[in-house]
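*Asks:* Now for the letters of each chain:
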Amino acid sequence: MRAQFPFTAVLGQDEMKRALLISAVDPSVGGVLVFGDRGTGKSTAIRGLSALLPRIRVVEGCRYRCDPGANGTGCEDCQERGRSGSLPSTWAVVPVVDLPLGATEDRIIGALDLERALTRGEKAFETGLLARAHRGFLYIDEVNLLEDHLVDLLLDVAASGENVVEREGLSVRHPARFVLVGSGNPEEGELRPQLLDRFGLSVEVKTPSDIATRVEIIKRRNAFELDAAAFLDEWKSEEEVVSAQIASARSSLRFVETSQQIISQAAELSAGLGTDGLRGELTLVRAARALAALEDVGAVNASHLKQVAPSALRHRLRRNPLDDAGSTVRVERAVEEMFGE
Amino acid sequence: MRDAWLAHLLDLLPKESVVRRAPLHITDDRLLGGLDLAATLCAGKPVVQKGLLAEINGGILIGAMAERLTAAAASRFASALDLGAVRLERDGFTQTMPARFGLIAFDESLAGEPGVPAILRERLPLRIDLDEIRHLPKDAAVNRDVVLRAREDLTKVVVSADVIQSLCVTAAALGIASLLAPLMAVRVARASAALAGRKVANDDDAIAAVRMVLAPRATVAIEAHSAEESPSQPSNDEHGTEARGSNDRQQPLENMLIEVAKACIPPRLLEALKSGGGRRSTGSNGKSGSTRSTMRRGRPVGVAVGKPGAGARVHVIETLRTAAPWQNLRRDKARPDSRRVVVRASDLRVHRVKQRSETTTIFVVDASGSSALHRFGEAKGAVELLLAECYVRRDQVALIAFSGRGAELLLPPTRSLARAKRQLADIPGGGGTPLAAAIDTAFELADGQRRRGQTVSVVLLTDGRPNLCRDGRAGREAAQSEAVAASIAVRATGIAALLIDTSPQASQFASTLAEALGARYLALPHADAQTLAAAVQVGRNFQ
Numbered sequence: 227m228r229a230q231f232p233f234t235a236v237l238g239q240d241e242m243k244r245a246l247l248i249s250a251v252d253p254s255v256g257g258v259l260v261f262g263d264r265g266t267g268k269s270t271a272i273r274g275l276s277a278l279l280p281r282i283r284v285v286e287g288c289r290y291r292c293d294p295g296a297n298g299t300g301c302e303d304c305q306e307r308g309r310s311g312s313l314p315s316t317w318a319v320v321p322v323v324d325l326p327l328g329a330t331e332d333r334i335i336g337a338l339d340l341e342r343a344l345t346r347g348e349k350a351f352e353t354g355l356l357a358r359a360h361r362g363f364l365y366i367d368e369v370n371l372l373e374d375h376l377v378d379l380l381l382d383v384a385a386s387g388e389n390v391v392e393r394e395g396l397s398v399r400h401p402a403r404f405v406l407v408g409s410g411n412p413e414e415g416e417l418r419p420q421l422l423d424r425f426g427l428s429v430e431v432k433t434p435s436d437i438a439t440r441v442e443i444i445k446r447r448n449a450f451e452l453d454a455a456a457f458l459d460e461w462k463s464e465e466e467v468v469s470a471q472i473a474s475a476r477s478s479l480r481f482v483e484t485s486q487q488i489i490s491q492a493a494e495l496s497a498g499l500g501t502d503g504l505r506g507e508l509t510l511v512r513a514a515r516a517l518a519a520l521e522d523v524g525a526v527n528a529s530h531l532k533q534v535a536p537s538a539l540r541h542r543l544r545r546n547p548l549d550d551a552g553s554t555v556r557v558e559r560a561v562e563e564m565f566g567e
Numbered sequence: 226m227r228d229a230w231l232a233h234l235l236d237l238l239p240k241e242s243v244v245r246r247a248p249l250h251i252t253d254d255r256l257l258g259g260l261d262l263a264a265t266l267c268a269g270k271p272v273v274q275k276g277l278l279a280e281i282n283g284g285i286l287i288g289a290m291a292e293r294l295t296a297a298a299a300s301r302f303a304s305a306l307d308l309g310a311v312r313l314e315r316d317g318f319t320q321t322m323p324a325r326f327g328l329i330a331f332d333e334s335l336a337g338e339p340g341v342p343a344i345l346r347e348r349l350p351l352r353i354d355l356d357e358i359r360h361l362p363k364d365a366a367v368n369r370d371v372v373l374r375a376r377e378d379l380t381k382v383v384v385s386a387d388v389i390q391s392l393c394v395t396a397a398a399l400g401i402a403s404l405l406a407p408l409m410a411v412r413v414a415r416a417s418a419a420l421a422g423r424k425v426a427n428d429d430d431a432i433a434a435v436r437m438v439l440a441p442r443a444t445v446a447i448e449a450h451s452a453e454e455s456p457s458q459p460s461n462d463e464h465g466t467e468a469r470g471s472n473d474r475q476q477p478l479e480n481m482l483i484e485v486a487k488a489c490i491p492p493r494l495l496e497a498l499k500s501g502g503g504r505r506s507t508g509s510n511g512k513s514g515s516t517r518s519t520m521r522r523g524r525p526v527g528v529a530v531g532k533p534g535a536g537a538r539v540h541v542i543e544t545l546r547t548a549a550p551w552q553n554l555r556r557d558k559a560r561p562d563s564r565r566v567v568v569r570a571s572d573l574r575v576h577r578v579k580q581r582s583e584t585t586t587i588f589v590v591d592a593s594g595s596s597a598l599h600r601f602g603e604a605k606g607a608v609e610l611l612l613a614e615c616y617v618r619r620d621q622v623a624l625i626a627f628s629g630r631g632a633e634l635l636l637p638p639t640r641s642l643a644r645a646k647r648q649l650a651d652i653p654g655g656g657g658t659p660l661a662a663a664i665d666t667a668f669e670l671a672d673g674q675r676r677r678g679q680t681v682s683v684v685l686l687t688d689g690r691p692n693l694c695r696d697g698r699a700g701r702e703a704a705q706s707e708a709v710a711a712s713i714a715v716r717a718t719g720i721a722a723l724l725i726d727t728s729p730q731a732s733q734f735a736s737t738l739a740e741a742l743g744a745r746y747l748a749l750p751h752a753d754a755q756t757l758a759a760a761v762q763v764g765r766n767f768q
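Protein sequences appear in the order of chains U and X. To convert, take the position in the first sequence, counting from 1, and add 226; that gives this note's numbering. To convert, take the position in the second sequence, counting from 1, and add 225; that gives this note's numbering.
Hint data in this document are derived by calculation from the structure and do not stem from the laboratory. One or more hints might be untrue.
[Said to hold, decoys possible] Below are the DSBU-like pairs computed for lysine-lysine, each with C-alpha atoms no more than 30 Å apart in a straight line:
hint	chain 1	residue 1	chain 2	residue 2
1	U	K432	U	K243
2	U	K445	X	K270
3	U	K532	U	K432
4	X	K240	X	K270
5	U	K462	U	K432
6	U	K243	U	K462
7	U	K445	X	K240
8	U	K432	U	K445
9	U	K445	U	K243
10	X	K381	U	K462
11	X	K424	X	K240
12	X	K275	U	K349
13	U	K532	U	K349
14	U	K462	U	K445
15	X	K605	X	K381
16	X	K270	U	K349
17	X	K605	U	K432
18	X	K381	X	K424
19	U	K462	X	K424
[To be verified] Between beta-carbon pairs, the in silico distance windows are:
hint	chain 1	residue 1	chain 2	residue 2	range
20	U	E464	X	H360	35 to 43 Å
21	X	H233	U	A454	27 to 35 Å
22	U	K349	X	D370	37 to 45 Å
23	X	V272	U	A229	26 to 34 Å
24	X	S385	U	E464	23 to 31 Å
From the three backbone atoms N, C-alpha and C, an ideal C-beta is built for every residue, glycine too.
Please model the entire structure based on the sequences and the hints provided.
*Replies:* This is the structure in structure tokens:
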């Protein structure tokens, strides 16, 4: 495997990077969808994110990396053990799991462990990608090309936060709460509306047209290809800064104040744009709060709301399916009307 | 020429290089890897089998007829190219296998066909038009040993900031939006320098990169843009000292590169650009036999209990999984150490496939002078409403327009309705009405889509006033009879059609034509969008 291009070295694409950082701070925001041109650093940024994520505490010996602090939400095994006292815990890295397009169903949800069954006659469950992604990120590149029957599996699990396996005589249920991150190129095809709705934030990326930016991107990429180790070294301090930023934002998230005014502004904005359901304003408030935590300010203000509104709302508009650029513009206009420009 | 070129290439590669062909119908288990059935049954435990992409690591993969790849298949190649590895998540295996390979994709599409899927095309740096090559240069300076040495030196070659800057500016001047292109150009410049034994890439290498990578990707005719480039130069200042010393030299290199690009943009490309970038559809695709053999009956959606045969294929993994828990009980008492897996008939599982229910709707829009005069705008509105219907059903759509310039495939089948809408808005109108040619083009496309396993329907919008024959002769009578004859041929194939009459008064000929086509006839009512929408609602059930 090649070394990973550092997240912080991805130039421009601020909205995408912001959305990814927000989802790293508060997973309940509900995932990020990145749609746009090829070669804009979509996959690079997402794959690079894993290096920045602070480690998490997990129950020692738990194959699903349950959270020792949140009893009652873990796997059956941990709940059982948790009743008889506190669980031993250890540190683990946050998983960023890649779901390749050619994956088969059994690898996604998990299946009978063939090797143990054949050699020892044991009936054991072999965890799938969903289990591996628990408490982490599940990344699907070219998400709009994913086979429909795999999308169905994902939708179900992403909605319930639990993976229920009933196959080959196995009956297993385990928690599978993950941040769904998808990327794709709209020219290849549209995304199913149900799946679109599962993403908390949606970002549009465009190739930068400014020559200076383009030259700098190519230069960085070239430097990385020539000597990856030296390049990573050069960006090490930058990476550490952002990593620390995420860690501190995570711990301060609980203390960020969200005033009644902000909540009603978010509601007004969503209602004015005619978004379906309440998920839009919920995401909007959560994302604004995560952004406030990232910026290390104590309370959510209008500027946070303004920054995250396009990402949180643009894919929720009851849109004319033929209107390609319209949603972003509509959100921006609504934001301008509300806060004055 | 193709074989000669390939032989020449193989001559230059190190002797031990692996070279393999990827057939079009390659399945995921062979491409990406999976369970090795024979070895698994023999060993009594799962054994992984490498896929083609992993086997080819360090070698060259040849994909013939790459234009026939689906976007999903192409993305598997693209992902391996990006990562330099194959990530296997199949059949109970989780593995990452190195897969760094060179991909040679042969694009045998004819003019007007979509070509290699964009997802792959954009990732392949070099494009060679073999039709343009008459003889292969026998360059004594380049041989196998030189290539080997160049490979070793590749990572030591320095590409200066000047060269990078110039390549980016040239790419922008050529209207290449994607950043992948200049990125690949830098790589090619580096390789070119390594081949020539240089430690620093010079102007010649930059020129080579422009010729091979950037020029074939040009999207704008260069004359219009080269003049505008100078204002964007001040950007150097932002980079501080590193760029300053080289400023005076930089300008000439860029100009030179742009000149080079101008000289080597393929003439046919320019022609296409001048005519508005549209793809002209001419002739039929005489490759029907090959697609038929690769057509899949449906995609796997799961497994079911059952016996193979009658079209059902054994699902090996699931069968093994079912049999697995019983192995201890079933093991031959006489030979307790046998590793053989005992499978009974009741364990057998088969693939359940779903017939592909995808639909392609082909819109054929009359953009002739007479039509434009009448109700072209309303016709476009009607198509938009139908497009919205297609979006709900997740259909693919294609767009053909016909006017004095002939029948043109403006949009090959796509699921991107935003593109369809853009194309629709840009249809130029005017000229005669080559209706027969339009019906022919629609039929060719419909036939091709059907061979890919799609259900096809054709929506024809016209005012029913054909006046151009296939050979370009004018004449109402002849054009009408040609159109009717073409329609009867289409009807014989049983392709569903809807004809929307856009003339002010319902035209007699249009309904005759609808009958010949076996199409539903719908006169576009004279009214506001709502009545139109209602009419379209009726019309959409025509399939």
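*Asks:* Indicate, hint by hint, whether the structure satisfies it.
*Replies:* Quick rundown of the hints versus the structure:
no.: 1; hint: U:K432 with U:K243; in the structure: 13 Å, holds
no.: 2; hint: U:K445 with X:K270; in the structure: 49 Å, violated
no.: 3; hint: U:K532 with U:K432; in the structure: 20 Å, holds
no.: 4; hint: X:K240 with X:K270; in the structure: 36 Å, violated
no.: 5; hint: U:K462 with U:K432; in the structure: 27 Å, holds
no.: 6; hint: U:K243 with U:K462; in the structure: 18 Å, holds
no.: 7; hint: U:K445 with X:K240; in the structure: 34 Å, violated
no.: 8; hint: U:K432 with U:K445; in the structure: 19 Å, holds
no.: 9; hint: U:K445 with U:K243; in the structure: 20 Å, holds
no.: 10; hint: X:K381 with U:K462; in the structure: 23 Å, holds
no.: 11; hint: X:K424 with X:K240; in the structure: 26 Å, holds
no.: 12; hint: X:K275 with U:K349; in the structure: 27 Å, holds
no.: 13; hint: U:K532 with U:K349; in the structure: 53 Å, violated
no.: 14; hint: U:K462 with U:K445; in the structure: 18 Å, holds
no.: 15; hint: X:K605 with X:K381; in the structure: 57 Å, violated
no.: 16; hint: X:K270 with U:K349; in the structure: 14 Å, holds
no.: 17; hint: X:K605 with U:K432; in the structure: 29 Å, holds
no.: 18; hint: X:K381 with X:K424; in the structure: 7 Å, holds
no.: 19; hint: U:K462 with X:K424; in the structure: 28 Å, holds
no.: 20; hint: U:E464 with X:H360: 35 to 43 Å; in the structure: 53 Å, violated
no.: 21; hint: X:H233 with U:A454: 27 to 35 Å; in the structure: 33 Å, holds
no.: 22; hint: U:K349 with X:D370: 37 to 45 Å; in the structure: 58 Å, violated
no.: 23; hint: X:V272 with U:A229: 26 to 34 Å; in the structure: 31 Å, holds
no.: 24; hint: X:S385 with U:E464: 23 to 31 Å; in the structure: 25 Å, holds
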